[in-house]
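*Asks:* In order, the protein sequence lines correspond to chains A and B.
Per the numbering used here, the very first residue in the first sequence carries number 111; after that it's consecutive.
Per the numbering used here, the very first residue in the second sequence carries number 4; after that it's consecutive.
Keep in mind that the hints were calculated from the coordinates and are not lab data.
A virtual CB, placed ideally from N, CA and C, is assigned to each residue, including glycine.
Some clues are possibly wrong.
Claimed, not checked - Keeping only pairs whose Cα atoms sit at most 20 angstroms apart, straight-line, the calculated SDA-like set for lysine to any residue is: (1) A/Lys239 x B/Gln353; (2) A/Lys200 x B/Ala109; (3) A/Lys239 x B/Asn354; (4) A/Lys135 x A/Phe155; (5) B/Lys76 x B/Trp133; (6) B/Lys303 x B/Phe321; (7) A/Lys200 x B/Gln353; (8) A/Lys145 x A/Asp163; (9) A/Lys147 x A/Lys239; (10) B/Lys335 x A/Lys168; (11) A/Lys239 x B/Gln215; (12) A/Lys168 x A/Ala150; (13) A/Lys166 x B/Gly102; (14) A/Lys200 x B/Thr232; (15) A/Lys168 x B/Gln215.
Said to hold, decoys possible - Computed, partial: chain A to chain B, Cβ under 10 angstroms: (16) Ser184; (17) Tyr185; (18) Glu197; (19) Lys239; (20) Gly240; (21) Val320; (22) Ser321; (23) Gly322; (24) Gly349; (25) Asp369.
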Amino acid sequence: MSGAVGREPVFPTRQSLGLMKSKLKGAETGHSLLKRKSEALTKRFREITRRIDEAKRKMGRVMQIAAFSLAEVSYAVGGDIGYQVQESAKQARFRVRAKQENVSGVFLPQFESYTQDGVNDFALTGLGKGGQQIQRCRETYARAVETLVELASLQTAFLILDEVIKVVNRRVLTKSSEHVIIPRTENTIKYINSELDELDREEFYRLKKVSGKKQRDNAAADAEILAARKKAEAEEAAGGVVAAEPETADILGEQEDNDVIF
Amino acid sequence: MEGLFFNVNGGFVEGIVRGYRNSLLTGQNYSNLTQCETIDDVKLQLGPAYGDFLASLPPNPPTSALAGKMTDKLVSEFRYLVAQSVGSTAKFLEYLTYGYMIDNIALLITGTLHERDTRELLERCHPLGWFETLPVLCVATNIEELYNSVLIETPLAPYFKGSLSHQDLDELNIEIVRNTLYKNYLEDFHNFVQTHPDFSGPTQEIMSEILQFEADRRAINITLNSFGTELSKQERRKLYPEFGNLYPEGSLMLSRAEDVEGVALAVSAVSDYKSFFDAVGLSQGGGGLGGMGGGPADGKSLEDLFYQKEMEMSKFVFTRQFTPAVVYAWMKLKEQEIRNVTWISECIAQNQKERIGNFISVF
């Protein structure tokens, strides 16, 4: 009855049995939900890890190409255009939008990049020489930044998911409704059931006792009445010749017939 | 006749420059450089030509530092030449620096327009474009002040006068300002070598050829680079230098060109440029605009071909004597050399060896 984990301190009543049953059901549903959530998150987590790996490899390649196109620019222009580009850039052409994605109740931020068309602040840079290289370099770097944004989005999701999965797993495993709450509740239900059965059995015995007693009482009462009647009959038989003549008993009358005892 | 008295004033400078020319990297040096595995190897290979200038670099220096040191050497040699030159040669050398001054002034104007502390920009200025009143430019805090009281004092004042007002500085894109100045500079330089009595001989021939090429190159580049920008055709036309092989018919056609084919048509009168356009496949309207990134014609872009042509012209300048034009040619060769070495070391540093041969060597 008591088991390893003990039971809840409740009175073994039907009400608390109902409570315990709903509690067990809740615990089981919660547990399976948590487990499913943890599985879903882990699946997502693995997918993100794989995509981060891909994105990082891609970033390596893209950044290399971008850095090389900058070398091409410095070859073609033959000087430093950095300052000029910095100063002439007034509006962001490449922008990032943040969204939220819901993965089994966890909000993951997602960054989305888009280019603002029509913003072309340093289109004239390198007008004299190297303009085409500069424009191409800009395109290459825009692609590189795109990859970086993608990677940033993945990495943020990775961190958040990591944290959430840890918490969920702790709830699934450590706090462990599986190993503590559910057995405990089950134990309690078993206890309550057995107590209730016990009560039932006691009640039944008591009832049996009561009915036995009643029977005995009835039998005693019957015997008493019988004795009293016999006595009356005997008295009647003695003084009946005198007394019984004047009034003949109405046989069909309402009065009860005396039992005929032989 | 010109040889008779040239050496009185210009002989020493010319001799020095011919000496400098011999220290330029040759094809052999370049093939050694392309074999290098690290920047340190490159440094080692450059040792004989650059010597002390590279000594202070840390091991495996960044490419920009390497280029900076090489430029330092160019600057110090040029300063020595300036110090040794007199008379018309000195004036000629001064003209050479105006191009760099234009870049510096454009830089400072950009800084002033955006209300930056222009003193920080002085370090970024090209040392060859340095002139005494350059730091004074930093005094000006707004563009009107800059124009009225400061720019007037610079050697470039004539180039501003008449073509740019102070409102223009404020409103026009700095690139347009820069190219306007450069156009005025080229025309002035051309005029100077054409009319100066000391340069009547070989200098005039060489320099007008080179400057005409430079003018055409700028016109073509400006046209090509302006496609797809807000630069209107009238504005574009104002940026074309008013001399050169293309001027006036070619320039007119360039100003009307709306696409690459238009440009190819405009330059088709000059056989050199036509062959360039044919080589990069632009005349057929093929893509790969300036395709250093894998365009047609074994990766050569139009810019590459122009550089190549410029280098060949500069090389031939050394076949002439009694002219300060060799200084111009030497500077151009040296600049190309710095670009080449930068390119090679970038390729080495970034491990992109397949494109390492994309430099221009003429010796």
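*Asks:* Against the structure shown, which of the earlier numbered hints fail to hold, in ascending order?
*Replies:* The structure breaks hints 1, 3, 4, 6, 7, 8, 9, 10, 12, 13, 15, 21, 22, 23, 24 and 25; every other hint is satisfied.
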